[in-house]
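Novice: Sequence:
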Amino acid sequence: MKKYIYIIALLTLFILPGCDFMDELPNEWHTPETAFQLETTYERNINQGYAYIRNGYNRIGSAFLDAATNDGSATIANSNIHKLAQGFYNAQSPILNVWNNSYTGIRQTLFTEKYLNEIPLFLNNKTPDEVNVIKKEGIAQMWALRALYEFDLLQHYGAYPIINTYMEISDPRYNTLKRDSFATCVQNIVTLCDSAAKYLSVKHASFGRMEKGTALAIKAKTLLYAASALYNRADNTNPLVGYVTPSALEVETRWKMAAHALAEVINLKNGATNRYALHASYATLFNTCPNNEYIVFYATGKSNGLENRQYPPTLSNTSGGGTVPSQQFVDAFTNSDGTTYTRAAGETPKYTGRDPRFAMIVGYNGASYGARGTIKTYLGTDESNDGLNKVKDFSTNTGYYLRKFLDTSIDFKVGSPVTTFHLFPFIRLADVLLMYAEAMTQAYGFDVDPMAYGLTAKQAVEMVRKRAGFNNATDQYLVGATTKEIQLQKIYDERRIELAFEEARYFDLRRWMKTDVLTEPIKGMRIDNNAGTLTYTDITVDDKRVFEEKMYFAPIPKNEILVFPALVQNPGW
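Residue numbering for the sequence shown follows our numbering, beginning at 1 and increasing consecutively.
Fair warning: there could be bad hints in the mix.
[Unchecked claim] Okay, derived cross-link-like pairs now, EDC-like style, lysine to aspartate or glutamate, Cα gap no bigger than 16 Å in a straight line:
| no. | residue 1 | residue 2 |
| --- | --- | --- |
| 1 | Lys-114 | Glu-137 |
| 2 | Lys-514 | Asp-493 |
| 3 | Lys-544 | Asp-516 |
| 4 | Lys-490 | Asp-475 |
The hints are simulated quantities; they were obtained by calculation from the structure and are not laboratory data.
Taking the hints into account, I'd like the entire structure generated from these sequences.
Specialist: Written out as structure tokens, the structure is:
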């Protein structure tokens, strides 16, 4: 929320068809009056509004945020992700700080909206009416982006100061800036999304732009959060961290609103077909650009830096390791028929005959990495640098590697390794389907569709699992799910696997208030090879995990409190 003054925003991100992204440095500075009226420059400020969408890849101490949950850890010792998971942070050193990034993005969208509204735009071969449509669509993109940045604030901090007008550095309103209520913040995001949806196209010519469905999805996810347990505690009296003493009827109404909003996204049409569809293969989902499953996401140009960081060291170029799955996560996958996988303490883990996504997400001993063959994570006879803790900061410390998101055709042993797209999803259709299943189960039931949305909660879960490789006719996952409690737990468990390492679990556990697992020691697996005989030993990787009541909400950075004294810090910080 720095008090910046803009002459013109630099273009840092072009979004073009086919996921082409490039940087451009201007040869000269422009005043807003010239920048927003010229055909050659007006789009730069629109494009700049996208520059503050966060990249979820390796964003905390070179690790994924999920490494701060019971699903994983990180190979770099004493990094910020370990400090976050172990509670070594405060308002002076918050670690998980999105406050400034979000407000920089918000200010850019307000800057662009202001001058698109105020300055005449001159475009060749366009009538005044056509120019007006173009400007309204640009402004609508800013509304949707602002909603996204505000949602990021909401899920990290709860309530935040709403700024809906562009303010110069001397504006006296800065001196009294304070947080609005949680309820007001939710409504502001909904209003922004509804306003944007009126003017945005169903499918933009450029993949990655804000669309009608993007705005609807941000609204829907906001309403799902608003209905969740964390924000509806019956004894809450603090309007900054949720609704004040909500009634059961109010909570039920919020779940119904969320279900309706999610159904709008699922049923959004592009002509005769649905705008969004599950990608054919989970294995290629994260490297296929464009594809119709992604709704809100971060994308970059083709690269192989993620592979370099996340590959096992023997396959990497200069690195390896990064974020690594825990034994708890490995044990969370069902068997291939959907039945619960169980493993007694000390029992040899089973890596075959599991959920089809297991081999697509986890790199385990014997896992295939494309043409390079399988990896070895054991120690002893014929060991390699992929073995447990072999190379400091690079080799796994849990016995596993994260395979998800990687294009295993990238080979660093050749002269010029190929590159690939990397799309980090914030909202994709599978997420929407599982949120819909949760909201419908909470509002109406698991196997009913009283509002004629066209899909029951159960069917939504089955759609996700079918794409994963399960046969709905033989899948045992939902057999016996006859109570609301069990049904919801099945949805929660499915979210854990389907959305693994997409920053879903970190916030899901908080909004569900199921954070007891965040104090569990992180477990791993040591494998020793003695002349071909493998011995498996459960190990403890991190026994210092901490979760305290105050950690439901991140601390507002101390420097912001000092600059804006009317801000109220989150409880406990």
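Novice: Kindly indicate which numbered hints from before are broken by the structure, ordering the numbers from low to high.
Specialist: Structure breaks no hint.
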